[in-house]
Amino acid sequence: MIFHLIHYEWKRIIQKPLLFIFTLLFPLALIGMIGFVIYLSLGDEITNINITVNDEDQTFETEMLISQLESDETLQNHLTFKRDHHQSVESLKAEEEQNAAIVHIPENFTEQLRSGNNESIIVHLNQQLPFQSQLTYVLLASGETYITAAQSGVNTVNHYLSDLLASDQDRSNWIQQLTVHYTFLALSRNDLFQSTSNHETNNLSWNQQLYLAIVMILLLSSISLYAFLFKTNELKEQKNRLHTIGVTDRVQLVSKLVHVSLVACLFLFFYAFIIPFAFPFNVPIQVGLVISWMFVALWIAGLLVLCEYFVKVSAMSTLLFGSIGFITCLLMGMIIPPMYLPETLRSEWVPFDLFYAQFVSVIVGESIAWDRLGGMVLMVVVMVLIPFLFTRGKSHV
Amino acid sequence: MFNIIQSMIRTKALWVIVLLIPSIFFLILIPLTEETASEVSVPIVIVDESQQSYVQEVFEEVSQSEAFTVYYEQELNLDELARGEVEAVFEFSDRMQEKIAEGDSDHLITWHRNENSMFDGLFKEELASTIIKDVVRAEAANMVTQEHTDATWEEVYAHGLQYFEPEPIFTIDFRAYDGQAQVEDTNEQASFFPLILWFYTWLMLIFFVNFLYKWREIGILERLIPISSGKKIVVSAWFILTSLIIFAFLGGAITISNSYDSAFISWQGSFIIFCICIVLSLLIYIILFNYVKSRYLFASLVIFYGSTSFVMALLIQSQLIHDHPLYKIFIPVWLLT
Chain P
1 MIFHLIHYEW KRIIQKPLLF IFTLLFPLAL IGMIGFVIYL SLGDEITNIN
51 ITVNDEDQTF ETEMLISQLE SDETLQNHLT FKRDHHQSVE SLKAEEEQNA
101 AIVHIPENFT EQLRSGNNES IIVHLNQQLP FQSQLTYVLL ASGETYITAA
151 QSGVNTVNHY LSDLLASDQD RSNWIQQLTV HYTFLALSRN DLFQSTSNHE
201 TNNLSWNQQL YLAIVMILLL SSISLYAFLF KTNELKEQKN RLHTIGVTDR
251 VQLVSKLVHV SLVACLFLFF YAFIIPFAFP FNVPIQVGLV ISWMFVALWI
301 AGLLVLCEYF VKVSAMSTLL FGSIGFITCL LMGMIIPPMY LPETLRSEWV
351 PFDLFYAQFV SVIVGESIAW DRLGGMVLMV VVMVLIPFLF TRGKSHV
Chain S
1001 MFNIIQSMIR TKALWVIVLL IPSIFFLILI PLTEETASEV SVPIVIVDES
1051 QQSYVQEVFE EVSQSEAFTV YYEQELNLDE LARGEVEAVF EFSDRMQEKI
1101 AEGDSDHLIT WHRNENSMFD GLFKEELAST IIKDVVRAEA ANMVTQEHTD
1151 ATWEEVYAHG LQYFEPEPIF TIDFRAYDGQ AQVEDTNEQA SFFPLILWFY
1201 TWLMLIFFVN FLYKWREIGI LERLIPISSG KKIVVSAWFI LTSLIIFAFL
1251 GGAITISNSY DSAFISWQGS FIIFCICIVL SLLIYIILFN YVKSRYLFAS
1301 LVIFYGSTSF VMALLIQSQL IHDHPLYKIF IPVWLLT
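The listed protein sequences derive, respectively, from chains P and S. Position one of the first sequence corresponds to residue 1 (this note's numbering), numbered consecutively onward. Position one of the second sequence corresponds to residue 1001 (this note's numbering), numbered consecutively onward.
Isolated chain S (complex conformation) (with noise of 0.2 Å):
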């Protein structure tokens, strides 16, 4: 009768599933999206056609933003903007820093854009923000100098930086609460990898029932029927193996995120739950495989549900709705820190 389940472990498949995929996962497709998403940004061109060293400095600043690709040109060419290759062109017009030190600070800048432009107007502000700094200071440094003779220009507009360096003067403090005056930590990257092992896992299982689906269609199972409680037992088998092949699995795929030094796969909640969650899932499969008979109502009844709560789940993590208490009829929702 063992010999049934021996065939299991002999299919080749089923290694790939619980080994290869996932190790393909951890050491090529994490470490190449991971990069990928970081690079994923909206390329913008800065030009400047009289070289000034001020736009230089500006450039410098504006481009550590990570969201942006800042490129510096002394030519301005919107030939680029036409064919859809950068997102906006900002050309800044001759003696900038003399413009902004005589107050002059209107239309400094021209900028060009697509009708189908979607980010620049964000990179407009961070370039805003950064020449309206100088601007203040350049008023405030007019304003001193017109009434106090003893402190120089460069004087008074040196002095307004230090209420940008270290910190900025004016800092909110974000916090977050729970609706019910519960106070949290914020900021706290939420973490996906539990409700993506809980969906692999979800798929594996459907590779790992049709087994017995085979065995029933062959018709393994019925002639199991009339040893005493033959049939029982290889079901028994089948699920203690399976157990143990997932907990291998899972055991062995949090050891190894635990490892990476990434807040996508780092691990929050609870082991406990988890386990629960997994224990669950294999429940409803086995109930399931009782009772539909048909192979392929099955797979799109657990793909049907899988995917649903996979969605959902990822929908309340990424607090793009909100959690409600019908939801928990989804199990990877249990997952949520």
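Next up, chain P with everything else stripped away, as it sits in the complex (with noise of 0.2 Å):
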């Protein structure tokens, strides 16, 4: 019996071919144009940011501060400085379209920050190019430390030692060498740092990290769209029926949680494997990678199973499953690694990163972990045996 119905299951996805196809296409279209006009928007610029300086004040010290920030090692291979002094700021960004930002030093500048006010210069980020700009933002934030570091050096020497100095000639040569000094002493924070790295890893790159977030949000939307398009909750009438005819509740359960779980592995054996094809994921296809799925497969299965058993209306019973089909993976770690997570989410009693330290040893190990692989089943069994002790075995009538 229990075959018969899901064949039943298959004819009706077979009468609507284009409806499967788009349940199966159309969340990887989604995933692929998010990455496609992401790609197209960066594009190669991302290498290349430029960064026009309008400078006011034009002296030693600015024109060293723009080479503090040139020759920051952060920023070094992204960005490239032009400059222009004489054109006023608003027609600079009238002008430069491809301009992620325009640094506008005021004059008096360095006047005031010799005597310790405190002066900003003002960047004019570009909202034409966002993710440059933004960019632009977080390396330049990250210089402002330094150089008030390099200033406060050359400023606290400055204000002890000046007066033994007799002409203004000399105290400018002299500031300024204390300029390039301190510079150099804050810019070469590295050589703070030792850096050893341990090859031994135990956690993804973030590429194989990308490769699980994205084939588990792909398989829950697909899953939570194939439930809602083909209405997987039998209607009432029709389980009244097969009642009749001996069909008892415990083997529809059965019949649907195997049907679920067949079209599941259909779904994720397609993104998961197809993927690696197209992009270039660092993730080595083997049978434990294809045993872990598959029982990231039956696990979706038995959630929706349960979900629907419980809420009997396909859009609620969808929703339910989405949400909670969601939370469980971020739980999991698939979608950020674990050790990101707070520490309340990271609970001991229910072992849900059983499922994401099985993938790291498949992927990294390259090596099915057997304990955890024992701990995947009988969390599956879990989930299936919930409705399955609510049902009765016992014909109705």
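Since the hints were made in silico from the structure, they are not lab data. It is possible that some hints are incorrect.
SDA-like mimics (lysine to any residue), calculated; alpha carbons at most 20 Å apart, straight line [what the hints assert, rightly or not]:
hint : chain 1 : residue 1 : chain 2 : residue 2
1    : P       : 231       : S       : 1014
2    : S       : 1099      : P       : 184
3    : P       : 239       : P       : 389
4    : P       : 16        : P       : 5
5    : S       : 1232      : S       : 1284
6    : P       : 231       : S       : 1011
Take a look, some chain S residues computed to stay more than 12 Å from chain P by CB distance [stated by the list, open to error]:
hint : residue
7    : 1230
8    : 1232
9    : 1236
10   : 1249
11   : 1258
Just so you know, even glycine gets a beta-carbon here, dropped at the ideal spot from N, CA and C.
Given two chains presented individually in distinct reference frames, assemble the corresponding complex, making use of the accompanying hints.
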């Protein structure tokens, strides 16, 4: 009987092939579109961000300041500074459309800085290039602290020792030397650290994590779409008719579970193994990965059947399934790595991170962790058992 | 005839969708996600085997950062790093303060990381900017005390601090402009609430139109055709009732959102444009209902359009892509401020 019911469900799918393809491809197309649009709008421009400097002060210090920003290690490879001191900021804004930002140094800036007054330089960020200007913001903001550090050194020494020098000429040369000295001191901050890298690692690279997250979100959304569009929740009349020919609730439940699991596996294998071909995800495809994804599919199918068992309106059960699915995937670490989650969410008694740990050992260690596999089997079984306990095995009639 | 409409109101699921789910969203989900989102952080360990008070100070300063959870430990233990439980371990050398004072600042800290560590570089920057402050001040103090005997080392060292507090001497004032020489306020956090509200309404409408499809399927609408303009009356009655419920829902949602003190759901932008968007969405549904006979095709179409435009609007709002006149075909894009 179970076989017949599953056969019937597949017949329903085959009757609406376009709808089925829609549920399979639409989430993929949407994610692809997001990626494509972001890629288009960023393009290869990320590597080179243009910044125009409008320096009204034009002193040695401001020139040093620009080169401080220019020579910072974190910025170096991304920013190109262009000097244009003659046009006004407003005309620069109108003319230079490819500019991510305009740095405007006001007149008397150096004098104010030297006397310890807090005068800001103004950075105008171009909202037409949102990503570039955001990056410029992050990079320049980190420059703030180092320049302050360098200037504090210069100012302190100047404060105590400037009286020792007689002529103004000497003093300005001396300040220039100080500025160079303290700038290099502040910029050499990376020398504070000695870095050692551990190669035996137990976390995924961002690329592998992205793979997990994308496949998981695709699976969740396509299963939600499938449940909503194909209305896997049977009608009451249909259920009664099945009862009259002796098909118990339990048989219906099992057949539904098997069917949804098959659909989930189909979706999942499509996503999990097609995507690495199209995009360079650093994920080795092997038996362990297939088995791990299969358990995820079973778990998701169990969740859907559970939601539909308790909530009969399909719109609501789909919504419930979508939300619970997303939250548990988050707890599992399938979307962001579990170590970034707050400690309150990393609970011990529901071992959600079993799945994540299994993927880590499959992807990084390239071997199946059998103890975790046992835990996964247990979780799937528990998920299936809950509705199973509520259904009657005997016929009503 | 109005029994038909009554049957709509009697549907329990309708009230769950209009009332229960949004209240769960407001009462539980928003506080929970806001709390969780603010608690998502990168775990970092600071190790100081010689228990220096200087390191304690540095630790207190860097642990104020919200993006990182910093743990202070007295013994080096790289197991957590290997297990992937922390992102990086920063091991401080002994006599930190003395070394800084002597101007010997190379390799003061050993930075243990994984090859897959992602965000620890940012923490390194933070730590570096905290320590470099003292390195520069110490260097200045050394320079001054060599030449000048009146001031003590400590005095000069303390003097340097005034350039950092209360505000750093060098600051950058960031301002945004819109390409065409127009200055705007920056740092204004974008609100996604209007977009979410539109998207939820859009999905809710699928449920409402489902009634029309059900009536069409069981032949109610066909049977009404002989009565003069009977079909029109039912569809208009449906339209009015749906609009009433939707607008009551939106009114309630906006009122509640305004009472929240939270940037995430604060309301920005124009109510009139929002209302126009909602009415337009309703019209799209009615027109589609007239031309699309299959319920499945209808659902696929509206889900396709709804999610695509929601995602596009999200991307524009989060400034990942720039607005383009062509994107106006997506209704929620109109809602962006």
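Cross-check of the supplied hints:
1. P:231 to S:1014: 17 Å, holds
2. S:1099 to P:184: Holds - the C-alpha atoms of residue 184 of chain P and residue 1099 of chain S are around 19 Å apart, at most 20 Å.
3. P:239 to P:389: Given pair residue 239 of chain P, residue 389 of chain P holds - Cα atoms ~18 Å apart, limit 20 Å.
4. P:16 to P:5: Measuring from Cα to Cα gives roughly 17 Å; hence the hint holds.
5. S:1232 to S:1284: 17 Å, holds
6. P:231 to S:1011: 18 Å, holds
7. 1230: The assertion about residue 1230 of chain S holds, with a minimum of 28 Å to chain P.
8. 1232: 27 Å, holds
9. 1236: 24 Å, holds
10. 1249: With a cut-off of 12 Å, residue 1249 of chain S remains clear of chain P, as the shortest Cβ separation is near 15 Å.
11. 1258: Answer for residue 1258 of chain S: holds, closest chain P Cβ roughly 25 Å.
The structure shown violates none of the earlier numbered hints.
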